Amino acid sequence: AQSVTQPDIHITVSEGASLELRCNYSYGATPYLFWYVQSPGQGLQLLLKYFSGDTLVQGIKGFEAEFKRSQSSFNLRKPSVHWSDAAEYFCAVGERGSARQLTFGSGTQLTVLP
Amino acid sequence: EAGVAQSPRYKIIEKRQSVAFWCNPISGHATLYWYQQILGQGPKLLIQFQNNGVVDDSQLPKDRFSAERLKGVDSTLKIQPAKLEDSAVYLCASSLEGAGGQNEQFFGPGTRLTVL
Chain A
1 AQSVTQPDIH
11 ITVSEGASLE
21 LRCNYSYGAT
31 PYLFWYVQSP
41 GQGLQLLLKY
51 FSGDTLVQGI
61 KGFEAEFKRS
71 QSSFNLRKPS
81 VHWSDAAEYF
91 CAVGERGSAR
101 QLTFGSGTQL
111 TVLP
Chain B
1001 EAGVAQSPRY
1011 KIIEKRQSVA
1021 FWCNPISGHA
1031 TLYWYQQILG
1041 QGPKLLIQFQ
1051 NNGVVDDSQL
1061 PKDRFSAERL
1071 KGVDSTLKIQ
1081 PAKLEDSAVY
1091 LCASSLEGAG
1101 GQNEQFFGPG
1111 TRLTVL
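So the protein sequences, as listed, match chains A and B. Going by the working numbering, the first sequence opens with residue 1, and the numbers climb by one from there. Going by the working numbering, the second sequence opens with residue 1001, and the numbers climb by one from there.
Hint data in this document are derived by calculation from the structure and do not stem from the laboratory. Predicted model, so just to flag it, every value in this text is computed and none were measured. Some clues are possibly wrong.
[Claimed, not checked] Heads up, incomplete: computed chain B residues facing chain A, CB under 8 Å, no partners named: (1) G1042; (2) N1052; (3) G1053; (4) D1056; (5) T1076; (6) Q1080; (7) P1081; (8) E1104; (9) F1107; (10) P1109.
[To be verified] When the alpha-carbon atoms are kept at most 27 Å apart in a straight line, the in silico DSS-like pairs for lysine-lysine are as follows: (11) K1015/B with K49/A; (12) K1044/B with K1062/B; (13) K1083/B with K1015/B; (14) K68/A with K1015/B; (15) K1078/B with K1044/B; (16) K1044/B with K61/A; (17) K1011/B with K1044/B; (18) K1044/B with K1071/B; (19) K1015/B with K1071/B.
Ideal Cβ positions, reconstructed from N, Cα and C, are used throughout, including at glycine.
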């Protein structure tokens, strides 16, 4: 069964600073990989996804993520954080097959200091 | 395009009471998911429907939880009787099954359940 680990429960950065959120996965084959963001009281919004091809994926709101097969990682990055980026971020792995289910990590809470 | 709709947004009940949540997926989406998100955790899949059939309900506590999607469109999730540990946000998601199974799921705003 697949699993996702987000080792950082909470990260604090200053506005304008760069950001990297870590995600490691366990899956028997090449997975589908996703990053979602959740603001308070809101559902999950998809930031970006990796299915195949170029391992550097661009998403919305200036985010990007890099799939590294050798490290089983899919870290999320942003060069300059805005105060509106404060939220909880979830990494997820999706099955390739008939079920196509998502398994989520436990999330990283991002605080942005002015 | 309208998103995934859920109601109610908030519900407070006492333990041993029953509660029901409703979800209307994005039009044309064949697959519907119910997730439970406990505070401080990621969403956990409870049940997955493909049209009106159940694909996976292996993590659904069937002694108290039930779900249906009778006409292959909207769905209801019921808890009877509720326990304190059922306090969580219940998220509904839907996806359009395209070629290659690129399972991008679209999420509703969730229903926050508090069991007292």
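How the hints compare with the structure:
no.	hint	result
1	G1042	3 Å, holds
2	N1052	17 Å, violated
3	G1053	12 Å, violated
4	D1056	6 Å, holds
5	T1076	18 Å, violated
6	Q1080	25 Å, violated
7	P1081	27 Å, violated
8	E1104	6 Å, holds
9	F1107	4 Å, holds
10	P1109	5 Å, holds
11	K1015/B with K49/A	39 Å, violated
12	K1044/B with K1062/B	15 Å, holds
13	K1083/B with K1015/B	5 Å, holds
14	K68/A with K1015/B	46 Å, violated
15	K1078/B with K1044/B	16 Å, holds
16	K1044/B with K61/A	26 Å, holds
17	K1011/B with K1044/B	20 Å, holds
18	K1044/B with K1071/B	25 Å, holds
19	K1015/B with K1071/B	31 Å, violated
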